[in-house]
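Number of protein chains: 2
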Amino acid sequence: MSVVAPPDRRRRRRQETIEQVLDVALEVMAEQGAAGLTLGEVARRMGIRPPSLYGYFDGKHALYDALFERGWRALLETLRAAGAIDQTADPLTGLRNGTTLLVRWAVEHPAQSALMFWRPVPGFAPSERAYAPAVELDVESRALLARLRDAGHLAPDVDLERAYRAWTALVGGVISQQLSNAPGEPFETGAFTAVLPDVMEMWLDHHRRNPSAR
Amino acid sequence: MSVVAPPDRRRRRRQETIEQVLDVALEVMAEQGAAGLTLGEVARRMGIRPPSLYGYFDGKHALYDALFERGWRALLETLRAAGAIDQTADPLTGLRNGTTLLVRWAVEHPAQSALMFWRPVPGFAPSERAYAPAVELDVESRALLARLRDAGHLAPDVDLERAYRAWTALVGGVISQQLSNAPGEPFETGAFTAVLPDVMEMWLDHHRRNPSAR
DNA sequence: GTCTATAAGCGGATAGAC
DNA sequence: GTCTATCCGCTTATAGAC
Numbered sequence: 001m002s003v004v005a006p007p008d009r010r011r012r013r014r015q016e017t018i019e020q021v022l023d024v025a026l027e028v029m030a031e032q033g034a035a036g037l038t039l040g041e042v043a044r045r046m047g048i049r050p051p052s053l054y055g056y057f058d059g060k061h062a063l064y065d066a067l068f069e070r071g072w073r074a075l076l077e078t079l080r081a082a083g084a085i086d087q088t089a090d091p092l093t094g095l096r097n098g099t100t101l102l103v104r105w106a107v108e109h110p111a112q113s114a115l116m117f118w119r120p121v122p123g124f125a126p127s128e129r130a131y132a133p134a135v136e137l138d139v140e141s142r143a144l145l146a147r148l149r150d151a152g153h154l155a156p157d158v159d160l161e162r163a164y165r166a167w168t169a170l171v172g173g174v175i176s177q178q179l180s181n182a183p184g185e186p187f188e189t190g191a192f193t194a195v196l197p198d199v200m201e202m203w204l205d206h207h208r209r210n211p212s213a214r
Numbered sequence: 001m002s003v004v005a006p007p008d009r010r011r012r013r014r015q016e017t018i019e020q021v022l023d024v025a026l027e028v029m030a031e032q033g034a035a036g037l038t039l040g041e042v043a044r045r046m047g048i049r050p051p052s053l054y055g056y057f058d059g060k061h062a063l064y065d066a067l068f069e070r071g072w073r074a075l076l077e078t079l080r081a082a083g084a085i086d087q088t089a090d091p092l093t094g095l096r097n098g099t100t101l102l103v104r105w106a107v108e109h110p111a112q113s114a115l116m117f118w119r120p121v122p123g124f125a126p127s128e129r130a131y132a133p134a135v136e137l138d139v140e141s142r143a144l145l146a147r148l149r150d151a152g153h154l155a156p157d158v159d160l161e162r163a164y165r166a167w168t169a170l171v172g173g174v175i176s177q178q179l180s181n182a183p184g185e186p187f188e189t190g191a192f193t194a195v196l197p198d199v200m201e202m203w204l205d206h207h208r209r210n211p212s213a214r
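Just so you know, the protein sequences line up as chains L and U, in that order. Residues in the first sequence are numbered consecutively from 1, following the UniProt record's numbering. Residues in the second sequence are numbered consecutively from 1, following the UniProt record's numbering.
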């Protein structure tokens with residue numbers, strides 16, 4: 001038996017502090033942008049000194065890594081909770097609703113989205129661990145497209161890989177245009193989120209009629 | 001007559017130094033990313049001290065501003081030279097060629113594109129002067145879409161504003177996916193640049209048949 | 001053991017004096 | 001152009017409080 005087992009109390013308290021660091025870091029990023037995060041500002045808001053943060057995170061990149069992972073987990077949970085990637089649900093409804101939810105989440109979490117979708121922080125690359133939930137969503141999304149094809153909504157001989165890349169480009173494009181050119185606009189009335197339905201129908205129309213292996 | 005008029009020689013030399021600063025800064029950005037630019041690294045490569053750069057640029061943001069403007073001018077010139085936005089050329093060919101050229105330029109100038117299309121540098125916003133060539137391209141692009149409609153390639157009652165926003169989202173999406181998810185891949189063999197033709201035809205098909213005012 | 005602090009090193013941006 | 005000096009941010013070392 002372990003002689004130095006830490007009491008649950010202490011472990012829980014530590015975990016709470018870690019969560020608080022992440023919460024505060026998200027606040028700072030929301031105000032200053034993803035690359036505008038500083039340990040000094042996080043420490044200031046927590047009432048501690050910057051070096052104390054090293055008891056919880058192994059430096060700034062480790063903090064970014066945790067924020068990256070947390071973001072993808074939150075997004076994945078949002079989509080799962082809505083049943084958008086449920087294997088028994090109607091794939092067409094799932095794609096439309098899931099895509100809309102994803103874009104909404106991105107627009108409502110602009111700084112975190114920048115960290116997750118682009119590479120705004122010089123020198124930071126997510127660890128494999130942090131990347132895992134993103135891979136999970138990737139796998140589920142590809143499976144959803146396959147079900148969409150099997151249900152007859154896409155051409156039977158559609159090039160799924162190519163169609164998937166086009167889909168990510170369209171969705172990512174709406175998000176990046178909205179966040180870069182009209183930041184602060186809410187999802188409901190965004191100049192670019194407004195064309196998301198058009199863009200989705202473009203993609204659906206095209207792949208219903210076209211295997212896209214030109 | 002002016003007593004202190006600087007000889008042309010000196011003015012030219014100064015201009016050359018300014019250009020050299022910009023060239024070196026682009027090199028550093030290409031290696032470190034847009035936000036990875038540091039005055040120290042630029043000065044080091046030029047064989048001078050960081051404070052000396054203040055004789056040519058009023059600080060780091062002014063340097064970013066010049067790089068932003070230079071990038072949009074270069075892109076605009078590339079498109080003009082190819083006749084893509086020539087008012088007498090066939091608008092359909094112009095759109096296809098111009099879009100392809102734009103995406104190619106972006107993929108071949110990734111760090112500068114990030115500065116131009118997104119907001120990777122905390123606290124930096126382009127000046128009106130630096131923004132001017134971007135506005136010019138914006139105006140020309142909208143005019144190209146109008147000619148496309150008048151030539152019968154788009155539905156006569158198409159919502160041009162909406163169609164234009166969708167087009168920028170599609171093109172920006174291809175660029176951002178390519179640069180974020182497969183950086184370093186050349187334009188010719190890029191995983192996402194490869195779907196650009198699909199994406200363009202999607203947009204054309206949709207707007208030929210659909211006014212997109214749903 | 002655990003948390004946090006202070007001190008100090010380093011690099012970067014920038015203002016001022018020469 | 002330079003050097004100096006200041007300020008800020010990340011990071012490590014070390015030491016004191018609980």
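The reader is advised that the hints may include incorrect statements.
As the list claims (entries may be wrong) - Derived coverage of chain L by chain U (criterion: at least 3 residues anywhere in the stretch with Cβ under 8 angstroms from a Cβ of chain U; other residues may be distant):
(1) 26–36
(2) 52–58
(3) 111–122
(4) 127–138
What the hints assert, rightly or not - Chain L is nowhere near these chain U residues, computed Cβ spacing over 12 angstroms in every case:
(5) 24
(6) 29
(7) 57
(8) 87
(9) 153
(10) 176
These are computed hints drawn from the structure, not numbers from a lab. Note that this is a predicted model, so its numbers are computed, not measured. The beta-carbon is built from N, C-alpha and C at its ideal position, and this holds for glycine as well.
Now for the hints, and whether the structure bears them out:
{"no.": "1", "hint": "26–36", "result": "holds (count 4)"}
{"no.": "2", "hint": "52–58", "result": "violated (count 0)"}
{"no.": "3", "hint": "111–122", "result": "holds (count 7)"}
{"no.": "4", "hint": "127–138", "result": "violated (count 0)"}
{"no.": "5", "hint": "24", "result": "holds, 17 angstroms"}
{"no.": "6", "hint": "29", "result": "violated, 10 angstroms"}
{"no.": "7", "hint": "57", "result": "holds, 20 angstroms"}
{"no.": "8", "hint": "87", "result": "holds, 26 angstroms"}
{"no.": "9", "hint": "153", "result": "holds, 16 angstroms"}
{"no.": "10", "hint": "176", "result": "violated, 5 angstroms"}
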